[in-house]
Amino acid sequence: MQGQENDPNDVEQYLKTFQLRQVRPLEICSEQNRRATASWWEKGLTTMRIPKLAFGVMLIAIIALSSGLVMVRARAGAATGRFLELKYRIGPSGLAHSGRVDICVMRVDGSQKGNTCDFVDHGREGLLLVKTRLTGKVDESAQLRIRAKYIPGDGDTEVDYSEALFKDIPEKVLPLEPSAKREFEVAGLGKIEVEGEYLDHIPPLVYRPQETLDPNPKEFRIVAPVLVRDNQVIANADGSSIDTGSPDATLMLYVPGEGRYLISEVPFESAVVGGVHLGKITFSLESHDYLLLTSMPVTVSEHVWVKHEPSFKPSEHMTRQSDARDDRVMFLVRSLKTLEQEKIGH
Amino acid sequence: LAARNISTASLTALYEKHGSTLAAYLCCRGVEFASAEDAVQQLFLKLMQAKVSMPEEPLAYLYRAVRNTSFNLRRSTRREVEMNEAENWLMEPEGRAEEVLSVQAALRDIPQEQREAVFLKVWGGMTLQEISEVLEIPMNTVASRYRYALEKLREKLHPLTNGGSYARTRKRSE
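Heads up: the protein sequence lines correspond to chains A and B, in order.
When we follow the working numbering, the leftmost residue of the first sequence carries the number 1, and every step to the right adds one.
When we follow the working numbering, the leftmost residue of the second sequence carries the number 1, and every step to the right adds one.
Check before you lean on any hint, since a few could be wrong.
What the hints assert, rightly or not - No more than 25 Å apart at the CA atoms, straight line, and that leaves these computed lysine to any residue pairs for SDA-like:
| # | chain 1 | residue 1 | chain 2 | residue 2 |
| --- | --- | --- | --- | --- |
| 1 | B | K17 | A | L20 |
| 2 | A | K16 | B | E151 |
| 3 | B | K46 | A | L26 |
| 4 | A | K16 | B | L135 |
| 5 | B | K17 | A | Q13 |
| 6 | B | K17 | A | T17 |
| 7 | A | K16 | B | E133 |
| 8 | A | K16 | B | G95 |
| 9 | A | K16 | B | L59 |
| 10 | B | K152 | A | Q13 |
| 11 | B | K156 | A | L26 |
| 12 | A | K16 | B | A105 |
| 13 | B | K46 | A | Q22 |
| 14 | B | K17 | A | F18 |
| 15 | A | K16 | B | A97 |
Said to hold, decoys possible - Chain A is nowhere near these chain B residues, computed Cβ spacing over 12 Å in every case:
| # | residue |
| --- | --- |
| 16 | E56 |
| 17 | A65 |
| 18 | F71 |
| 19 | P111 |
| 20 | E113 |
| 21 | E130 |
| 22 | S132 |
| 23 | E136 |
| 24 | P138 |
| 25 | N140 |
By construction, these hints were calculated from the structure, which means they are not laboratory data.
Computed from a prediction, not measured in an experiment: that's the story for all the values here.
The beta-carbon is built from N, C-alpha and C at its ideal position, and this holds for glycine as well.
Construct all of the structure, not just a fragment, from the sequences and the given hints.
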C-alpha cells in the first residue's frame with residue numbers, strides 16, 4: 001500500500017468508477033422551450049380557458065362596439081369645437097320683416113374656414129342679405145364685421161348673390177359680448193339687433209333652433225334626405241330645407257343621372273299619390289318602389305303627390321350659380337308654383 | 001480560435017455526449033441538479049436558435065458558458081453556493097450508495113477551485129491545458145490545485161480505498 005498511497009492516479013482511477021447522473025434528452029425540453037418562446041397569441045391559444053368561439057365572439061363585439069364609439073366621436077367631431085350663434089332681430093321699422101329673427105352660426109376656434117356667417121331673409125316686401133365675419137376674439141368678446149343690404153321688392157326678386165352685391169356697402173365693426181345686444185343700421189330697412197351666444201356644437205337645424213319634432217300644420221320639412229329605390233340608395237344628402245307657409249309646399253330632389261323628383265303636399269298633373277308616415281315617404285313610380293327617409297317628420301299630411309322628370313338638369317333651370325350643378329344631389333323645398341317655373345330662384 | 005457554424009445535429013450530439021458532465025459541473029459549483037439540468041438544456045436550445053459560431057473545439061466554450069450560467073443562477077436565486085448535501089449528482093451503483101455519499105462529502109469538503117479541477121480532469125476528461133482554458137487560469141495553477149485536491153481526497157477516502165471497493169477495483173485491474 002505504500003506505493004499506492006504515493007500515487008495520485010489511484011484516487012483518480014477510483015473516482016472514475018463513479019458515473020454521473022444523466023440529464024434528460026434534449027428533445028423533451030425542446031418542446032417546452034418552443035412553448036416558452038412561442039408568440040403571445042400561440043401562448044394565448046394554448047392556455048385559453050374559455051371556448052375559442054366565445055372568445056372570438058367577444059373579440060368581435062369589442063371591436064364592433066369600439067368602432068361604434070369612434071363613429072359617434074367622428075360624427076360629433078365634425079361639428080364640435082367653438083361656435084358663435086348670432087341672432088339678428090329686425091326692429092319695428094323693418095316693415096314686413098319687423099320682429100323676425102334670423103339665426104346663423106360661425107366657427108370661432110381660430111380657423112379661417114367657417115368663421116363667416118351669411119343669410120338671406122325673403123320677406124314679402126324685399127330681401128335682406130347679411131354677411132358677417134369674425135375678425136378677432138379677445139377672451140369672450142368677438143370682433144364682428146357686418147355688411148347688410150336690403151333690396152325692396154317681392155320675395156321672388158332675382159338676386160345675384162356675388163360679392164359685387166356688397167361692393168358699395170361699408171363693413172360695420174361690432175364688438176359683441178355673449179348675451180349682450182348690439183344694433184346696426186341697414187339702409188332702407190332700419191335697425192337690426194344682434195345677440196350672440198357661444199355653443200360647443202352646431203345645432204342640427206341652425207336657422208330654426210326652436211324647431212320641434214312635431215311639424216306644425218303649415219310646415220313641410222326635409223332634413224338630410226335619403227332616397228331608396230328598390231332597396232338601393234340613389235341619393236343621400238345633408239342639410240335641410242323647410243317651407244313654413246306655402247299651401248302647395250313641394251320638395252324638388254335632383255339626383256345626377258336620374259333627373260328630379262317633385263314631391264308635393266298637393267295633387268298636380270301627372271303625379272302619383274304616395275304615403276307619409278313621420279320621416280318616411282313611400283311611393284311607386286315607373287314600376288319601382290321608392291322610399292324617402294328624412295331625419296324629421298315631414299308634414300302633418302298623410303299623403304303626398306310625386307312626379308319624376310328624368311330630363312331635368314339644374315344647369316338649365318336654376319338661377320343661383322351654386323344650385324346650377326348637374327353632378328351632385330340637390331334638394332329644395334318651395335311652393336309648387338315656384339318649382340314649376342322655367343327658371344327657379346333660391 | 002477558428003469559428004464555425006454548428007448545426008443542430010452537432011449540438012444535439014454534443015449534448016448527448018457532454019450534457020450530463022456539464023450539468024454535474026454546475027452541481028460541483030453549488031447548483032442543484034434540477035436547476036443545473038435546466039440550465040444546460042436552455043444553453044443548448046439557445047445555441048440552436050441563435051445559430052452561433054463556435055470554436056472548432058467547443059468543449060471549453062461550453063464549460064465556460066455553463067460556468068457563467070452558474071454565476072447567474074447564484075445571483076438570481078441567492079442560493080447557498082456550497083454543494084448541496086441533499087443532491088446526488090453521481091449515480092449510485094448497486095451496493096455503493098454509501099461510497100457515493102462519502103465521495104461527494106469528500107469533494108464537498110475541499111475548496112471549490114480544487115474541486116473544479118478534479119471534476120474537469122476526472123469526469124470532464126480534460127487535459128490540464130484544457131482546464132486552464134476553461135477556468136482561464138495558468139496551467140501551473142491548475143496542476144497545483146489538482147495535486148492538492150487529490151492529496152486531500154486520498155486522505156479522506158483512505159478507509160474506502162483500503163479494503164473497500166477502491167481496493168477491489170485495483171486488484172481486479174492488476
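Margin query: Need the list of violated hint numbers for this structure, in ascending order.
Written below: 11
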